[in-house]
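Novice: Put together the whole structure using the sequences plus the hints.
Take the sequence shown: its position 63, counted from the start at 1, is 161 in our numbering, and no numbers get skipped.
Everything labelled a hint here was simulated from the structure, so no lab data went into it. Keep in mind that the hints are not guaranteed to be accurate.
[As the list claims (entries may be wrong)] Result set (EDC-like, lysine to aspartate or glutamate): computed pairs, CA atoms no more than 16 Å apart in a straight line: (1) Lys-147 with Glu-227; (2) Lys-200 with Asp-128; (3) Lys-210 with Asp-128; (4) Lys-199 with Asp-128.
[What the hints assert, rightly or not] Now the in silico label distances, taken between C-beta atoms and shown as ranges: (5) Thr-167 with Asp-203: 21 to 29 Å; (6) Asp-106 with Glu-156: 43 to 51 Å; (7) Arg-127 with Asp-148: 35 to 43 Å; (8) Asp-189 with Thr-169: 16 to 24 Å; (9) Gln-222 with Glu-176: 37 to 45 Å; (10) Phe-243 with Asp-102: 24 to 32 Å.
C-beta atoms are modelled at their ideal positions from N, C-alpha and C, and glycine is treated no differently.
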Amino acid sequence: MPADGFSDSVVHIERILRHVAFIIKRRGRDILNDFDITTPQFLALLVLKDKPGITMGELCDRLFLACSTATDLIDRMEKNGYLERNRDTKDRRVIRLSITKKGKDVIDQVIKARRHYVDSILAQLTQEEIDQLAQSLEKLHALMFAGKV
Numbered sequence: 099m100p101a102d103g104f105s106d107s108v109v110h111i112e113r114i115l116r117h118v119a120f121i122i123k124r125r126g127r128d129i130l131n132d133f134d135i136t137t138p139q140f141l142a143l144l145v146l147k148d149k150p151g152i153t154m155g156e157l158c159d160r161l162f163l164a165c166s167t168a169t170d171l172i173d174r175m176e177k178n179g180y181l182e183r184n185r186d187t188k189d190r191r192v193i194r195l196s197i198t199k200k201g202k203d204v205i206d207q208v209i210k211a212r213r214h215y216v217d218s219i220l221a222q223l224t225q226e227e228i229d230q231l232a233q234s235l236e237k238l239h240a241l242m243f244a245g246k247v
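Specialist: So this is what it looks like as structure tokens:
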């Protein structure tokens, strides 16, 4: 066992996860650059696609952004045609955000490009290796999501 108290397996897996996360993040940014969209804009569009009609405050909470930061983000996205601001029908003071067709299209294109990238990597594995990887990742995700880790 290494001096820091963690097993060689823990040290090795943590390093692999860190490197994989870095590569995925970098490749993800490259893909977003191809579509002239930033990471925060993409994340906001994903939220809006999942939760149409949310308020600016709700979006800020979901993205962990200050509302002043989110306002600039939303202004740029509205200018680019990715979303619309609409007044709430029951309370005219409330502004609701909705994704546009252009916003949905860019999400679909980005996800398709990301899947092409994953496909190019997985093409180098056997189906058995792919199945084992998927099973291990699903289990890791479930443990992390449940807060057991």
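Novice: Determine for every hint whether it applies to the structure shown.
Specialist: Quick rundown of the hints versus the structure:
1. Lys-147 with Glu-227: Not satisfied, since the Cα-Cα distance of roughly 33 Å exceeds 16 Å.
2. Lys-200 with Asp-128: violated, 20 Å
3. Lys-210 with Asp-128: holds, 14 Å
4. Lys-199 with Asp-128: Status violated; Cα separation ~23 Å.
5. Thr-167 with Asp-203: 21 to 29 Å: With a Cβ separation near 25 Å, Thr-167 and Asp-203 satisfy 21 to 29 Å, so the hint holds.
6. Asp-106 with Glu-156: 43 to 51 Å: holds, 45 Å
7. Arg-127 with Asp-148: 35 to 43 Å: Once the Cβ atoms are compared, 22 Å apart, the range 35 to 43 Å for Asp-148 and Arg-127 is violated.
8. Asp-189 with Thr-169: 16 to 24 Å: Since the Cβ atoms of Asp-189 and Thr-169 sit about 19 Å apart, the hinted range of 16 to 24 Å holds.
9. Gln-222 with Glu-176: 37 to 45 Å: holds, 42 Å
10. Phe-243 with Asp-102: 24 to 32 Å: holds, 27 Å
In this structure, the hints that do not hold are numbers 1, 2, 4, 7, in rising order.
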